[in-house]
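2 protein chains.
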Amino acid sequence: MFLRNLSRVAAVGIGGAGFAGGMFVEKYRNYAQVNAAGSFSGYDAGGGAVIPMDQEPHVPKVKPTRASQIMKFGFPGMDNIRSYNDFVLSYDQRNRVPHWVFEHLTRNHIKHNPEVDRSKCDFYEDSSIHPFFRAHNSDYKGSGYDRGHLAAAGNHRLSQTHVGETFVLSNIAPQVGKGFNRDAWNTLEKYVRGLTRRYENVYVCSGPLYLPRREADGKYYVRALSNRPE
Amino acid sequence: MFLRNLSRVAAVGIGGAGFAGGMFVEKYRNYAQVNAAGSFSGYDAGGGAVIPMDQEPHVPKVKPTRASQIMKFGFPGMDNIRSYNDFVLSYDQRNRVPHWVFEHLTRNHIKHNPEVDRSKCDFYEDSSIHPFFRAHNSDYKGSGYDRGHLAAAGNHRLSQTHVGETFVLSNIAPQVGKGFNRDAWNTLEKYVRGLTRRYENVYVCSGPLYLPRREADGKYYVRALSNRPE
Chain Y
61 MFLRNLSRVA
71 AVGIGGAGFA
81 GGMFVEKYRN
91 YAQVNAAGSF
101 SGYDAGGGAV
111 IPMDQEPHVP
121 KVKPTRASQI
131 MKFGFPGMDN
141 IRSYNDFVLS
151 YDQRNRVPHW
161 VFEHLTRNHI
171 KHNPEVDRSK
181 CDFYEDSSIH
191 PFFRAHNSDY
201 KGSGYDRGHL
211 AAAGNHRLSQ
221 THVGETFVLS
231 NIAPQVGKGF
241 NRDAWNTLEK
251 YVRGLTRRYE
261 NVYVCSGPLY
271 LPRREADGKY
281 YVRALSNRPE
Chain E
61 MFLRNLSRVA
71 AVGIGGAGFA
81 GGMFVEKYRN
91 YAQVNAAGSF
101 SGYDAGGGAV
111 IPMDQEPHVP
121 KVKPTRASQI
131 MKFGFPGMDN
141 IRSYNDFVLS
151 YDQRNRVPHW
161 VFEHLTRNHI
171 KHNPEVDRSK
181 CDFYEDSSIH
191 PFFRAHNSDY
201 KGSGYDRGHL
211 AAAGNHRLSQ
221 THVGETFVLS
231 NIAPQVGKGF
241 NRDAWNTLEK
251 YVRGLTRRYE
261 NVYVCSGPLY
271 LPRREADGKY
281 YVRALSNRPE
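Chains as they are written, first to last, in the numbering used here: chain Y, 61 to 290; chain E, 61 to 290.
Any given hint could be a false lead.
Since the list gives no way to pick out one identical chain from another, each pair is judged satisfied if it fits inside one copy or across any two copies.
[What the hints assert, rightly or not] In the SDA-like style, the derived pairs of lysine to any residue whose C-alpha atoms are separated by at most 25 Å in a straight line are: (1) K250 <-> C181; (2) K238 <-> V282; (3) K87 <-> I141; (4) K180 <-> R258; (5) K279 <-> L269; (6) K279 <-> G202; (7) K238 <-> G278; (8) K180 <-> G278.
Don't read these hints as lab results, they were simulated from the structure.
Since the model is a prediction, treat every value here as computed from it, not as a measurement.
Chain Y with its partners taken away, still in its complex shape:
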């Protein structure tokens, strides 16, 4: 049923100062069209059942959801899962950032679309998260950090809705702007989009890294800027 070849798996990580980010990229090339019902499970990395040619398979004709396509190779965790139109994430209530964000890129998803204009997008709060745990725009104001996209705006150009949803604050983490969000991270995002020239399907998982640093007392600490406690 399936003929699939794992071309190459790359893991790319970039460390920034204090509150950094990491991205992992998995690239798969499909040689045959993937069976819709087969890929619906999201866990069919191994191939399908052998069914005699004269017998109808007893599988419902269900079109896979976009979320099931994106999460085809499994979930890294099940904490506060949120599905948007073109990406899926797990939300970290403690830090008000994603645990991870999963995307599925193809040439079609990232090509220039004159109907899509990211300058019309505003960052907005995720109303599905309880206000106690929701990231607010005020969390970022004056922090010195960029509101850094995990699912990049440039990866979601099929519609204005798709790009607009990448501005939900659940998809955002604080990033150092100069040198990181606007430089190394941006370069990485372009590299990942470029992979769609060589691979039919590119699966991207991104998330923040919390890196220890040696402080004055010689010990290693993980330290994150916080709001003033209420």
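Dock chain E against chain Y, hints included.
Here is chain E on its own, set in the frame of chain Y:
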């Protein structure tokens, strides 16, 4: 089917230095025996379906698992759930401590049992967690912190297995010893056990708190001691 009265709900939190702990206690009194199949779902906080008296209910006769009893009022989250014989927890891979630990206490669970001896217990690693994310005894050695139980050893006296499992490192968080783990936290644990004198069922949810502190630059940070990066 059910007659249940919410007697009182209390939320108790204790803050310590840096890496502190919080505990929330919910106490429910049951006036009627809880229907086994009804409580199996773990989410039946509202009562049961109305079934005509002359009709057999179409529910399987299934004895609720201990985990379903403990989690009767729902899960705070679904991240890396682990069920032990007498408590259930969600494990935080990043910090190698629990997100939360849930217990169900009754007079019977906490009464003195001459067959149970906590001095025979040793702290041990949770082999169900990948070594990259597992808490190790070496993480605590020389840290200056106690290996603080979330599910307290004294809450699980039905058998040596029960008390022994509270020493799994997935149930442990670093706690300041003097003044906290051996004092205020211990007092809180005794208070919670004392609630079983007044309430038939006591549900306890505990977890670490990460409290921001103002540092030399006037800003608030959450800071946690880390191992030296490898």
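Here's how the hints hold up against the structure:
1. K250 <-> C181: within (20 Å within a copy, 54 Å between copies)
2. K238 <-> V282: Both: 22 Å inside a chain and 24 Å across chains, each within 25 Å.
3. K87 <-> I141: Answer is within: at 23 Å inside a copy they meet the 25 Å cutoff, but 30 Å across does not.
4. K180 <-> R258: neither (31 Å within a copy, 60 Å between copies)
5. K279 <-> L269: both (19 Å within a copy, 21 Å between copies)
6. K279 <-> G202: Result: close only across copies, 12 Å inter versus 29 Å intra.
7. K238 <-> G278: between (28 Å within a copy, 24 Å between copies)
8. K180 <-> G278: The answer is neither: 48 Å in one copy and 36 Å across copies each exceed 25 Å.
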